[in-house]
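Here the protein sequences come in this chain order: Z and F.
Quick note, the first sequence lines up with residues 743 to 1139 if you use my numbering.
Quick note, the second sequence lines up with residues 743 to 1139 if you use my numbering.
Think of the hints as simulated: they come from the structure by calculation, not from any bench.
Certain hints may be false.
A pair counts as met if it fits within one copy or between any two copies, since identical chains are not told apart.
Below, simulated DSBU-like cross-link-like pairs (lysine-lysine); rule was C-alpha separation at most 30 Å, straight line [stated by the list, open to error]: (1) Lys814 <-> Lys799; (2) Lys749 <-> Lys934; (3) Lys799 <-> Lys772; (4) Lys903 <-> Lys749; (5) Lys1048 <-> Lys1121; (6) Lys795 <-> Lys1023; (7) Lys1077 <-> Lys993; (8) Lys1077 <-> Lys1104; (9) Lys767 <-> Lys814; (10) Lys1077 <-> Lys1048; (11) Lys991 <-> Lys749; (12) Lys749 <-> Lys814.
Predicted model only: the values in this text are computed from it and were never measured.
Protein chains: 2
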Amino acid sequence: MISFRSKNVPPSPIRRLIPYAEEAKRRGIKVYHLNIGQPDIPTPEAFWEGIRKYKEKVLSYGPSDGLRECKKAVREYYNKIGIEIMEEEIFITTGGSEGILFIFFILGEVGDEFLIPEPCYANYISLGRMAQINLVPIETKVEEGFHLPEKKEIEKLITKKTKAIIICSPNNPTGTVYSREEINRIVELGIKYNLFLILDEVYREFLFDGREWVNIFTTSFPMDRIIIIDSLSKRFSACGARIGFIVTKNKQILSQLMVLGMARLCPPTIGQMGAIESFKKMDEFMGEMIEEYERRRNIVYEELKKIKKITTYLPEGAFYTIAKLPVEDAEEFIKWLLTSFHLNGRTVMVAPLDGFYLSQNKGKNEIRIAYVLEEERLKEAMLILRKGLEEYGRITQ
Amino acid sequence: MISFRSKNVPPSPIRRLIPYAEEAKRRGIKVYHLNIGQPDIPTPEAFWEGIRKYKEKVLSYGPSDGLRECKKAVREYYNKIGIEIMEEEIFITTGGSEGILFIFFILGEVGDEFLIPEPCYANYISLGRMAQINLVPIETKVEEGFHLPEKKEIEKLITKKTKAIIICSPNNPTGTVYSREEINRIVELGIKYNLFLILDEVYREFLFDGREWVNIFTTSFPMDRIIIIDSLSKRFSACGARIGFIVTKNKQILSQLMVLGMARLCPPTIGQMGAIESFKKMDEFMGEMIEEYERRRNIVYEELKKIKKITTYLPEGAFYTIAKLPVEDAEEFIKWLLTSFHLNGRTVMVAPLDGFYLSQNKGKNEIRIAYVLEEERLKEAMLILRKGLEEYGRITQ
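Extracted from the complex, chain Z is given alone in its bound form:
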């Protein structure tokens, strides 16, 4: 009854264990959620101001490519960071996820190949299955901080069906920021094989230790083969607004985006109103927010180092890190944390990493930690994780 292609879409590894967390809460246990990239940072006041500014009597359909004022705000932000684009080169989407789905569909026939470093953001896998394209993993490893392999290793993966390389930097789920030299490997391969580059930069500003953002338009990659997936969910701590955008100079893609966009009418109007004001005032709140995340990153790293037999690394951006645990099956451990463990009535939820891998049987003993809680809570959550691992080690030996 259910189509095979639909059954082929995997449930989110970030969300599928939520019923266990809900059950724990019903038993009166407090659950620290480090499983989902839902920041606790307040949505900036500018966002709410923007919403309040909407004084129309009718909450009407907007243009399929987004409100003109919203596109203007995106353009000004992009110009400020050194990317010269025009408003017609911006397409507002219903969250970054819609942007990914549209681009897969526009560029890929059924079965076409898109390279992506794995582990990768799990929704690439589910949206890729929906679009029936083939994601081909570029192997990266926890021991190397998930940095890219040598160019020749990536080159081996390119076939006649390869359409694009997807690069998410700063990376979800790894927190890795690719260096200019790494980006150049991709640029050279993209040019050599005439590929598209899909650049997911929703964490663009989330850079630690003074790292620099690599503006892809300062490389030699052909401008009309660059597609940027962006979103204000993380930047403005406004995940529930469902506003993202695609930036590209490719006119054919833009015109096709408009056709697909018409079929779903328009992105949400009110969220765009919030975006307009937030972009204008982002300098006022972004710096402080990134500093906060860097402090949290330090806490998570320090706390993880205290755990025996764990493999981890210093994440360079975004607000995620990955740890390889001394357990056989991380998912079983996470379930156990939620069903059979607590520390003073509290426990912690993280995401099992296997759902972020395209390859079978990878990441079975790895977890993603999203450090989206303020420092004191984060410390406690990490303590719970450590104590939980010790206890789990004792009972499973």
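Fit chain F to the supplied structure of chain Z, relying on the hints for placement.
Showing chain F alone in chain Z's frame:
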């Protein structure tokens, strides 16, 4: 470069002529928009109240199937109209259009067939192409007020690949309301051939001349093969909120909706807040709104009757009607209205109907009129249409 399947998606007939309207506006011409189902009725105060009630500090991701409170509001509304459903039988979507796409994808393998009366809502065609399912037209005619053909005519269209019949009543784009007897034809065929029934009832309350709504759950159609597509866009005049919902008792479909829903994270949070309050207070504003649309329906019908050599009918619901015009190519006529005609500096935009047909070369001389303007403006718009047709008739003879 662009995939064939993407190129196969047609641009919206409702939106694709907008550049001509914008050009007219730049020349100082006022354009009455009867092309798009964007009501001028104010969004109810309850909707804005709901938004103002959102006091969270963080605009966070909601559940993939919608906020619990929003599902509760939908359940209470459905219970009130006599459909017994539970909250877990409701899935909140990002507009009705997302619901259509998800259901096509969940039920249909590539190439599977879905029957639908034509002309049909144009976005079914584009979303069907995106999902790569095959929409098979059930022929209906302006001369018959677009009512359904005999059962045996529909039965001829059913093959081994037929998965479902799609019924939109009150209908967009025709304004036709199918009688209980017509619905029974579909019910009997659905049972005989074990099909799903996809019921699009976003205009459920928009019934004129005291017509009754047929509750599908009072027929003998198997409950677990009914899928209702619904939306608050028209009911609450809140098209820009992008909130729709699917109602079904089929557990497999519900669980699959959750998987696809996770891949796009969640529907917009703020729109759901507006929905919650609006559902609670809908009795306060719905009656008046429907009366307003019925008055407008009467105006459009009376005005159309004044036009020579036109074929039309009395629409029974929604806020659309169709007219067959004494022109060869309605699209050329619409462009002409926007580029070369005005009455005291004003002109009118309607939608060419060919884009609402699946069959080639149908509807070439038909238009859809959305009566979404208040009475005086509507009268003027209809006068412009009449004068335009007279003038166009003279110059094209």
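Exercise. Check each numbered hint against the structure and report the violated ones by number, ascending.
Key: none
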